[in-house]
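Dock chain A against chain F, hints included.
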Amino acid sequence: MLQALATTLVVASLYALLGAGYVLVYRSSRVLNLAQGDLLTLGGYFVFALAATFPGLPAVSLPLAVLASALTGVLVYVVLMRPMAGHPIFAAVLVTITLGILLRAVIVFVFTDRTRHPLGNLGLTNPPRALPGGAVVSTFDLVMVATAVVLFVGLFVFLKLSPLGIQMRAAGERALLASQRGINFHGVFALSWALAACAGGLAGMIYASNVRLEPSLDVLGLRAFAVALVGGLDSLAGVIPAAIIVAAVEVMSVRYGNPLLSDVSPFLCLLLMLLVRPWGLFGTREELERV
Amino acid sequence: MRRRALTAALGVLTLAGAVPAPAQAPEPYRIGMTAAITGRFSAGYAPTYEAYRAYFKRVNDAGGLNGHPVEITYEDDRGEPQRAAAAAKKFGESSILMINASISATYKPVQTEAEATKTPLLFGGGVCPREAFPPAHPLIFCTTSYGSKWDSRMALGFIKDQSAGKKVKVGFAAQDIPLSRIELEFAEQLAKELGLEPIPVVVVPGAASDFTPFAQNLKDAGADWVFSWAPWGVEIGVFEALHRIGWKGNYILYGHQPAQDELTRLKLPSLHALTGNAMFTENLPIHTEIASIVKGQTNHPPHYMAEGWTSAQVLEAGLKKCGWPCSREKLAQSLATVSVDTRGLRGGPIEMTPENHYRKVSHYKVYRWDAAKNAIVSVGGWHKLDIK
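Sequence lines, in order, name chains F and A.
Heads up, the first sequence is in this note's numbering, so the first residue is 1 and it goes up one at a time.
Heads up, the second sequence is in this note's numbering, so the first residue is 1 and it goes up one at a time.
Simulated from the structure, these hints should not be mistaken for lab results.
Check the hints yourself; a few may be wrong.
[Stated by the list, open to error] Over the 12 Å line for every Cβ pair with chain A, so calculated as not near, a few chain F residues:
#1 G56
#2 L57
#3 A70
#4 V74
#5 V78
#6 A85
#7 A91
#8 I97
#9 S162
#10 G182
#11 G187
#12 L220
[What the hints assert, rightly or not] Listed next, the stretches of chain A that the computed footprint assigns to chain F, with coverage defined by at least 3 CB atoms under 8 Å from CB atoms of chain F:
#13 37-49
#14 201-214
#15 240-248
[To be verified] Distance windows between CB atoms, simulated:
#16 A:K373 <-> F:L271: 49 to 59 Å
#17 A:A371 <-> F:L131: 21 to 31 Å
#18 F:L271 <-> A:T353: 47 to 57 Å
#19 F:I101 <-> A:N60: 54 to 64 Å
#20 A:A86 <-> F:F109: 19 to 29 Å
#21 A:P301 <-> F:V150: 35 to 45 Å
#22 F:G154 <-> A:P301: 38 to 48 Å
#23 F:L94 <-> A:T353: 50 to 60 Å
#24 F:T53 <-> A:E289: 24 to 34 Å
#25 A:N60 <-> F:L274: 57 to 67 Å
#26 F:L102 <-> A:P269: 35 to 45 Å
#27 A:E289 <-> F:V150: 50 to 60 Å
#28 F:P83 <-> A:E185: 52 to 62 Å
Just so you know, even glycine gets a beta-carbon here, dropped at the ideal spot from N, CA and C.
This is chain F alone, in the form it adopts within the complex (with noise of 0.2 Å):
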């Protein structure tokens, strides 16, 4: 038992990073950016790239694998949403979803289909840690949960308490009366995108260090995609018990069910979620409507 419920910790962190990259862009434009997944898998091949260019310097390469997912999300604001402000909502959706299909090309291009695994070039280890209990988890397990609650609780002081944060509350709001409040929108849209690509890319980051990186893995971003949308796609804090739920209803059913169903479950519980309470966890009703 304990050894799943270490597990669901660890999946839970995988999808809380990639829920929060959902909610921020949200939260700021309104836009579902569905090309979540691909920021996770190019934040890995990021990471592969600079630790095969950097190898045995962590230091370098993983700083630098951050920074460039950062920038890769402002250039995605830059050059694809900013020329869509002022069009339907539905048309960024879609840009979107164009995003995340030439990304997958451009990595196939670049870095093949083959399975690639950058911890040896970073000069890394990932031995197994035995938890109280007896529950068993790799270093990178653990490496996944506490990036997840360093981020969430970096995202939470940031947004209560710093006048950037602060601003970029106010843009998601009312981004008219912001602006005429002096507020850089496109400044605070991008730093938005920067956050939630850098989110993705960390998840991407610690996922292939741990188990593997191949440009499939844009499949985990829809699984949690679903996460955000259980916990209310506008609400930054319903993406935690929203991750959680999801990780546990996927481990449980493994373990303790029909391990078909850990496929199909974090879209079961969206649909629950769904009938009983469309708007989320912690979402607002004025949101789904929006939507």
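Only chain A this time, still in chain F's reference frame:
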């Protein structure tokens, strides 16, 4: 006047006769290949396509076969049945042979088209369909090193040998695709017959975000050995998860193309890769030759070419035997009696018979990491299995 015109016309005709007519290029052997060159499943199939390209470029550069070039039309089906069907329809119009190097979901539509147009169909790179096994379908051939039922027989026989009379519990890790599940359900039954103690098959979704819960099920059931026969991601994913949670048993999987790299990366002697192809770590002359030929023509390492190369060897032998002109019927007859020396890529020749379009004898090697030698070693050399 008339005489002058006649003389001029004769002159023109003479001149025209004196200028040699452009040499007519010999007609090619027309072949069609549908392959998952891109898309989600390309990792396992694109290397076959690349191997074929490199192989027949060399053949054509050397003058072709029986004085005729081999023209292969490649269609990227992305692992999608409808695309494969469209490609097969196209090949059915002009090709003397269709090749399928794609996922099993594309088999049926391609096979239907092959049967409708009476075109022989060669599977190379994807799992062999049962129609290639005895009693074989007259049009279906397969060169792929792995084939359902036979691989399980070999793997379980190996586990039994390694257990040296001890009763061992064997777990099975399948992916949620019909072929993998059917194979391992068969293996579960076979294990009972062999006196092993089977644990019910654990079915893993290909897109699982974490393999740990599946691995935990196998560990909790007390598996001493686990056999996995599935696409590579699941095979290796379950093993790594088992290792992460401290499982101390032995694991045997089918050694697809990445096996050589992964044995080296993981350096774990408990991981055994069962394969029909000699690993390139053996550094045979054919391995060096392939590496030099494909250099600059592929993004994959040379050892990924083994499946495609062997398949191309069989096709070359079939076409040579068919001669010129080579009809579909004649090519099917040629392939049905082909005997190909794979020059060490496999443990023996690929011999087909009118009843057996797979091979008379299947050869397997089991590789694992040897910590003392710091290298990949084979456990007991080539193992033979008669295909009846």
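Do the hints match the structure? See the list:
Every CB of chain A is more than 12 Å from the CB of G56 (chain F) (nearest about 16 Å), matching its label as outside the interface. Once the 12 Å rule is applied to beta carbons, L57 (chain F) is consistent with being away from chain A; the minimum gap is 20 Å. No beta-carbon of chain A comes within 12 Å of the beta-carbon of A70 (chain F); the shortest separation is about 24 Å. With 12 Å as the threshold on Cβ separation, the claim that V74 (chain F) sits away from chain A holds: the shortest Cβ distance comes to roughly 28 Å.
Every C-beta of chain A lies more than 12 Å from that of V78 (chain F), the closest at about 29 Å, which supports listing it as non-interface. With 12 Å as the threshold on Cβ separation, the claim that A85 (chain F) sits away from chain A holds: the shortest Cβ distance comes to roughly 34 Å. Even its closest Cβ contact with chain A, about 27 Å, leaves A91 (chain F) beyond 12 Å, as expected for a residue assigned away from the interface. Residue placement check: I97 (chain F) keeps its beta carbon more than 12 Å from all beta carbons of chain A (closest about 16 Å).
Chain A leaves S162 (chain F) outside its interface by the beta-carbon criterion, the shortest separation being 32 Å against a cut-off of 12 Å. No Cβ of chain A approaches the Cβ of G182 (chain F) within 12 Å, the least distance being about 43 Å, so the stated non-interface status holds. Listed as outside the interface, G187 (chain F) is consistent with that label: its C-beta sits roughly 34 Å from the nearest C-beta of chain A, beyond the 12 Å cut-off. The Cβ of L220 (chain F) sits about 6 Å from the closest Cβ of chain A, inside the 12 Å cut-off, so the non-interface label is violated.
With 5 residues bearing a CB less than 8 Å from a CB of chain F, the segment 37-49 of chain A meets the requirement of three and the coverage assertion stands. Coverage of the segment 201-214 of chain A by chain F holds in this model, with 12 residues showing a Cβ closer than 8 Å to a Cβ of that chain against a need of three. Against chain F, the segment 240-248 of chain A contributes 5 residues with a C-beta closer than 8 Å to a partner C-beta. That satisfies the three-residue criterion, and the hint holds. Under the hint 49 to 59 Å, the C-beta atoms of K373 (chain A) and L271 (chain F), about 54 Å apart, fit the expected range.
Between A371 (chain A) and L131 (chain F) the CB atoms are about 28 Å apart, so this pair conforms to the stated range of 21 to 31 Å. Range check, L271 (chain F) to T353 (chain A): about 54 Å between beta-carbon atoms, so the 47 to 57 Å window is met. In this structure, I101 (chain F) and N60 (chain A) break the distance hint of 54 to 64 Å, their C-beta atoms being roughly 35 Å apart. Between A86 (chain A) and F109 (chain F) the C-beta distance comes to about 24 Å, which sits within the given range of 19 to 29 Å.
Checked against the hint of 35 to 45 Å, the pair P301 (chain A) and V150 (chain F) passes, with Cβ atoms roughly 38 Å apart. At roughly 41 Å, the beta-carbon separation of G154 (chain F) and P301 (chain A) lies within the given 38 to 48 Å, and the hint holds. Judged by the Cβ atoms, the range 50 to 60 Å given for L94 (chain F) and T353 (chain A) holds: they are separated by roughly 56 Å. Separated by about 32 Å at the C-beta atoms, T53 (chain F) and E289 (chain A) satisfy the suggested range of 24 to 34 Å.
Here the CB-CB span from N60 (chain A) to L274 (chain F) is close to 59 Å, well matched to the stated 57 to 67 Å. Range check, L102 (chain F) to P269 (chain A): Cβ separation about 43 Å, and the 35 to 45 Å hint holds. About 53 Å separates the C-beta atoms of E289 (chain A) and V150 (chain F), a value consistent with the hinted range of 50 to 60 Å. Against the hinted window of 52 to 62 Å, the Cβ-Cβ separation of P83 (chain F) and E185 (chain A) comes to about 54 Å, which satisfies the hint.
When held up to the earlier numbered hints, the structure conflicts with 12 and 19 and fits the remainder.
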